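Below are the chains, spelled out letter by letter.
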Amino acid sequence: MPDLKIRKFVTAVEDIFHERGPAPAKPRKRGWCLAVIGNPFAGRYVADIQPFMEDLKPLGMEMAQRLIAALGTDPKDIDGYGKGIIVGAAGELEHAALWHAPGGYSMREHLPDSLAIVPSSKKVGGPGTRLDIPVTHKTAAYVRSHFDSVEVGIDDSPRADEMLVALVMTVGPRIHSRSGGLEVSGIKVKDGQK
Amino acid sequence: MKANIRKIMVVIDEVHSEQGQTVSPPTRRAAAVAVIANPFAGKFVADLSELMDIGEELGGLLGEKAVAALGVAPSQIESYGKAALVGENGELEHAAAILHPKLGKPLRAAVEKGAALVPSSKKRGGMGTPLDIPLGHKDAAFVRSHFDGMEVRINDAPRADEILVAVAVTDSGRPLPRVGGLQKHEVKGEDGLR
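As given, the protein sequences belong to chains A and B, one line each in that order. Note that our numbering numbers the first sequence so that position 87 is 94, with each residue one more than the last. Note that our numbering numbers the second sequence so that position 146 is 206, with each residue one more than the last.
For the record, the hints were derived by calculation from the structure and aren't laboratory data. Note that this is a predicted model, so its numbers are computed, not measured. Glycine included, every Cβ here is placed at the ideal spot set by N, Cα and C. There's no promise every hint is true.
What the hints assert, rightly or not - Here are some of the chain A residues that sit facing chain B, going by a computed Cβ distance under 8 angstroms:
1) L11
2) T18
3) A19
4) L66
5) E158
6) D162
As the list claims (entries may be wrong) - Here are the simulated lysine to aspartate or glutamate pairs, EDC-like style, with alpha carbons at most 20 angstroms apart:
7) A/K12 / B/E78
8) B/K62 / A/E26
9) B/K165 / B/E110
10) B/K182 / B/E117
11) B/K62 / A/D22
12) A/K83 / A/D198
13) B/K182 / A/D162
14) B/K183 / A/D162
What the hints assert, rightly or not - Not the full set, but computed from the structure, chain A residues with beta-carbon under 8 angstroms of chain B:
15) D10
16) K12
17) I13
18) R14
19) K15
20) F16
21) V17
22) V20
23) D22
24) I23
25) H25
26) F154
Hey, can you work out the whole structure from these sequences and the hints?
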């Protein structure tokens, strides 16, 4: 990663046992991996920014691997995902869009049956800014039991000339899911939606 | 299981560079955080021994989870800390009952030794409140390079009748320490101070 300056990684996993109702047999898991990296375009307007996507690809792969290892789960059981990015104050929202391809494909590369588009959120913000990252089912985006979001952030990041990139993976439906709609058992079309 | 645990979050923070300087090996901190029901929410109860027992249980559980997250032997843990955040229908004294009487012994077992006081903080607050866990060297409180703090927060906890209990450990001190004082290689580790 010649042009990539990594300052830190934060990896977190939640095991959710119940949400004040009957506890499911298996706890739900939600995990996220965050990387804080230098923004090569901070403080100036650069027209051609797309080459940086190539530099982000190996980072995405490493983050996906870190996250799968932290979840400690067979990748086939990881069934929800999302991605996000916070760009520091000296950058622009357009820089955030560079994360779409490398972030999304790094997870789809590792997770079987990941046909659905990876939902995402982005913003410009300072250290401690919180970002809500949407989560959907990896095979069929309309599966209602897996719609969720995960809030992430780091107290010391991103500095003005940095970016905070994020990947989120989840295992299992929302605890006590009971709002109907398309269920995992009803996935048929295999078009990434239904 | 004495505690009614709704969820557990484990987070690892790994610093690879700071102010343009490479941090090698990376400094690493891990925190394990449990969200538990407060059995005494909304009422005054004189005898807090139930919370003391919960503290004993969580000292071992969270200590082991945090050490496991770093993937090192217990003897390689260098610093530690603990904290509790009580939801609005509880008392600060509930945090004290969890943290002080019984949590330390199983935590020290999880990190092998631990001659020094486990630094702590406590507060009351609502969901998403940041909790800063103080960190100090586990065998010698005067080791200046290891004074630190780790912020944790969970957007959906604590609810009014819950308590968030956190343990943090590191296998390193701050990145780029250079303010002098007692060095870790000078530690005798007998009196907890030096």
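These are the hints, each one checked on the structure:
{"no.": "1", "hint": "L11", "in the structure": "violated, 11 angstroms"}
{"no.": "2", "hint": "T18", "in the structure": "holds, 5 angstroms"}
{"no.": "3", "hint": "A19", "in the structure": "holds, 4 angstroms"}
{"no.": "4", "hint": "L66", "in the structure": "violated, 12 angstroms"}
{"no.": "5", "hint": "E158", "in the structure": "holds, 4 angstroms"}
{"no.": "6", "hint": "D162", "in the structure": "holds, 4 angstroms"}
{"no.": "7", "hint": "A/K12 / B/E78", "in the structure": "holds, 11 angstroms"}
{"no.": "8", "hint": "B/K62 / A/E26", "in the structure": "holds, 18 angstroms"}
{"no.": "9", "hint": "B/K165 / B/E110", "in the structure": "holds, 17 angstroms"}
{"no.": "10", "hint": "B/K182 / B/E117", "in the structure": "holds, 18 angstroms"}
{"no.": "11", "hint": "B/K62 / A/D22", "in the structure": "holds, 18 angstroms"}
{"no.": "12", "hint": "A/K83 / A/D198", "in the structure": "holds, 18 angstroms"}
{"no.": "13", "hint": "B/K182 / A/D162", "in the structure": "holds, 19 angstroms"}
{"no.": "14", "hint": "B/K183 / A/D162", "in the structure": "holds, 18 angstroms"}
{"no.": "15", "hint": "D10", "in the structure": "violated, 14 angstroms"}
{"no.": "16", "hint": "K12", "in the structure": "holds, 7 angstroms"}
{"no.": "17", "hint": "I13", "in the structure": "holds, 5 angstroms"}
{"no.": "18", "hint": "R14", "in the structure": "holds, 5 angstroms"}
{"no.": "19", "hint": "K15", "in the structure": "holds, 5 angstroms"}
{"no.": "20", "hint": "F16", "in the structure": "holds, 5 angstroms"}
{"no.": "21", "hint": "V17", "in the structure": "holds, 5 angstroms"}
{"no.": "22", "hint": "V20", "in the structure": "holds, 5 angstroms"}
{"no.": "23", "hint": "D22", "in the structure": "holds, 5 angstroms"}
{"no.": "24", "hint": "I23", "in the structure": "holds, 4 angstroms"}
{"no.": "25", "hint": "H25", "in the structure": "holds, 6 angstroms"}
{"no.": "26", "hint": "F154", "in the structure": "violated, 16 angstroms"}
The structure shown violates the earlier hints numbered 1, 4, 15, 26.
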